[in-house]
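Chains as they are written, first to last, in the working numbering: chain A, 1 to 327; chain B, 1 to 89.
FYI, nobody ran anything at the bench for these hints, they're computed from the structure.
Keep in mind it's a predicted model, so treat the numbers as computed, not measured.
Careful: at least some of the hints might be erroneous.
[What the hints assert, rightly or not] So the derived list for chain B, only partly shown, Cβ under 8 Å to chain A, looks like this:
#, residue
1, P26
2, A28
3, R58
4, E81
[What the hints assert, rightly or not] Computed list of lysine-lysine pairs in BS3-like fashion (alpha-carbon distance at most 30 Å, straight line):
#, chain 1, residue 1, chain 2, residue 2
5, A, K11, B, K38
6, B, K38, A, K6
7, A, K267, B, K48
8, A, K90, B, K48
[As the list claims (entries may be wrong)] Cβ-Cβ distance ranges computed for the label pairs, FRET-style:
#, chain 1, residue 1, chain 2, residue 2, range
9, A, R316, B, S73, 49 to 55 Å
10, A, Q2, B, D61, 40 to 46 Å
11, B, E78, A, A234, 20 to 26 Å
For every residue, glycine included, the Cβ atom is placed at its ideal position computed from N, Cα and C.
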Amino acid sequence: MQIDLKTINIKPLRQTFDHLAARFGDKPASRYQEGTYDLQQTYLFHYRPTWDPDREVFDERRTALRMRDWYELKDPRQFYYGTYTITRAKQQDTADGAFEFAVDGGLIEALPKAARSLVLEVLLPIRHLEWGANMNNTFISAYGYGTAIEAACMYAAMDRLGIAQQVTRIGLAVGGEEALTVAKDAWLAGAQWQPMRKLVEDTFVLKDWFELFVAQNLVLDALVYEFLYTHVDALAAASGSSFFGLVTKFMKDWHLETSRWVDAVVKAAVVESAENKALVSGWVSKHSAPSVAAVEALAGPVFGTGATAVVDALQRKLAGRLTMVGV
Amino acid sequence: MSSVFIAFQATEESRPIVEAILADNPSAVTVENPGMVKINAESSLTIKRRSVEERLGRRFDLQEIHLHLITISGHLDEDDEQLTLAWKN
Numbered sequence: 001m002q003i004d005l006k007t008i009n010i011k012p013l014r015q016t017f018d019h020l021a022a023r024f025g026d027k028p029a030s031r032y033q034e035g036t037y038d039l040q041q042t043y044l045f046h047y048r049p050t051w052d053p054d055r056e057v058f059d060e061r062r063t064a065l066r067m068r069d070w071y072e073l074k075d076p077r078q079f080y081y082g083t084y085t086i087t088r089a090k091q092q093d094t095a096d097g098a099f100e101f102a103v104d105g106g107l108i109e110a111l112p113k114a115a116r117s118l119v120l121e122v123l124l125p126i127r128h129l130e131w132g133a134n135m136n137n138t139f140i141s142a143y144g145y146g147t148a149i150e151a152a153c154m155y156a157a158m159d160r161l162g163i164a165q166q167v168t169r170i171g172l173a174v175g176g177e178e179a180l181t182v183a184k185d186a187w188l189a190g191a192q193w194q195p196m197r198k199l200v201e202d203t204f205v206l207k208d209w210f211e212l213f214v215a216q217n218l219v220l221d222a223l224v225y226e227f228l229y230t231h232v233d234a235l236a237a238a239s240g241s242s243f244f245g246l247v248t249k250f251m252k253d254w255h256l257e258t259s260r261w262v263d264a265v266v267k268a269a270v271v272e273s274a275e276n277k278a279l280v281s282g283w284v285s286k287h288s289a290p291s292v293a294a295v296e297a298l299a300g301p302v303f304g305t306g307a308t309a310v311v312d313a314l315q316r317k318l319a320g321r322l323t324m325v326g327v
Numbered sequence: 001m002s003s004v005f006i007a008f009q010a011t012e013e014s015r016p017i018v019e020a021i022l023a024d025n026p027s028a029v030t031v032e033n034p035g036m037v038k039i040n041a042e043s044s045l046t047i048k049r050r051s052v053e054e055r056l057g058r059r060f061d062l063q064e065i066h067l068h069l070i071t072i073s074g075h076l077d078e079d080d081e082q083l084t085l086a087w088k089n
């Protein structure tokens with residue numbers, strides 16, 4: 001008996017959801033598109049929130065920025081829950097491996113005094129700044145508009161919590177529990193930390209979520225991350241120990257990856273209209289000066305006479321990024 | 001002129017690769033089969049790492065295509081940046 005295998009090609013009636021077909025045409029959509037576009041409710045709301053009775057639960061007027069389509073603020077990394085968690089899980093494994101290598105390899109015991117004080121006095125108090133960044137990104141996620149920015153900011157918020165924990169873990173390994181108390185006291189009372197603490201606390205009361213996005217994710221992060229994970233990192237490495245670079249590699253990689261998203265979002269907002277460009281430029285200049293001053297206050301005790309050169313380098317780097325995104 | 005082809009499993013992951021090939025190779029045409037996408041092209045066909053990365057939104061190692069690859073036809077010339085199929089005779 002002979003059996004003929006025949007294939008029947010069944011054409012699906014539709015390739016994707018109607019709202020995605022309207023945007024991209026009737027072709028198979030990516031998971032990112034399915035998990036992002038037009039998910040946030042835009043009409044037929046229930047009663048208005050009691051805490052803001054003039055506006056809907058999701059309302060475009062919570063920022064001065066105007067977009068015809070809020071989904072232009074999309075994420076070039078195409079993170080949805082699946083890709084985000086898979087990517088971070090892999091990075092966590094790598095970071096854990098590096099951390100264990102550093103601890104088991106005796107790098108902590110062999111840590112030179114200079115590098116040790118960089119970890120305890122410069123890196124460890126940053127856990128409070130990271131927690132602030134977590135708060136701010138959660139705020140943007142809550143009051144923003146459009147799933148594209150809301151979801152990505154929630155991921156960023158979780159990242160910052162993770163980084164705060166990673167910093168804490170490094171501090172615990174190097175200085176034990178009392179190091180955390182000392183670092184918190186430095187954050188609360190240390191003279192070099194006060195401009196930074198004021199800055200972080202000031203961002204907590206910003207009401208315009210896109211202004212907060214610019215202040216936190218663009219201006220402050222660009223300066224702080226470059227300062228810590230390039231300049232302080234180089235200083236720690238110069239003392240002869242690879243510990244600092246090894247245990248903070250995740251933060252360095254994370255910032256490179258996340259900058260791509262932040263730049264894409266700001267760029268999309270700026271090219272939308274001249275009004276947006278003026279708004280964003282205004283926010284950048286409003287938040288640049290205090291951010292630079294805050295980092296300068298940190299750089300002083302660390303780099304001494306070289307501090308000015310470091311701060312200049314940071315500012316040049318930020319200026320380069322701003323030109324690239326069109327601000 | 002002789003033609004080359006490459007076939008992938010029709011999956012979510014192979015879609016950006018197929019899109020990149022179609023964008024980079026003007027002569028490329030797809031033939032959709034159940035569970036398989038075959039791409040035919042005149043004389044040569046190139047997969048560029050950067051084009052795939054643009055569509056994928058992450059780093060891409062060209063060797064990852066083997067997770068989705070069914071078959072190819074043509075002489076293979078590959079490095080880290082690109083993979084080209086052509087008849088060089």
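These are the hints, each one checked on the structure:
The interface hint given for P26 of chain B is violated, since its Cβ lies 19 Å from the closest Cβ of chain A, which is over the 8 Å cut-off. Here the hint on A28 of chain B is broken, as its CB sits about 16 Å from the closest CB of chain A, past 8 Å. Interface restraint check: R58 of chain B against chain A, minimum CB-CB distance 6 Å, threshold 8 Å, status holds. Proximity of E81 of chain B to chain A is violated relative to the hint, the smallest CB-CB distance being about 20 Å (cut-off 8 Å).
Our distance criterion of 30 Å between C-alpha atoms is met by K11 of chain A and K38 of chain B, whose separation comes to about 17 Å. Restraint check for K38 of chain B and K6 of chain A: the C-alpha separation of about 18 Å stays at or below 30 Å, so the hint holds. A threshold of 30 Å between alpha carbons decides the hint, and for K267 of chain A with K48 of chain B the separation of about 26 Å falls inside it, so the pair holds. Under the criterion of a C-alpha separation no larger than 30 Å, the hint pairing K90 of chain A with K48 of chain B is consistent with the structure, at around 25 Å.
Distance hint check for R316 of chain A and S73 of chain B: the Cβ-Cβ separation is about 52 Å, which falls inside the suggested range of 49 to 55 Å. Range check, Q2 of chain A to D61 of chain B: Cβ separation about 44 Å, and the 40 to 46 Å hint holds. About 37 Å separates the C-beta atoms of E78 of chain B and A234 of chain A, a value inconsistent with the hinted range of 20 to 26 Å.
Violation of the numbered hints given earlier is confined to hints 1, 2, 4, 11; the remaining hints are satisfied by the structure.
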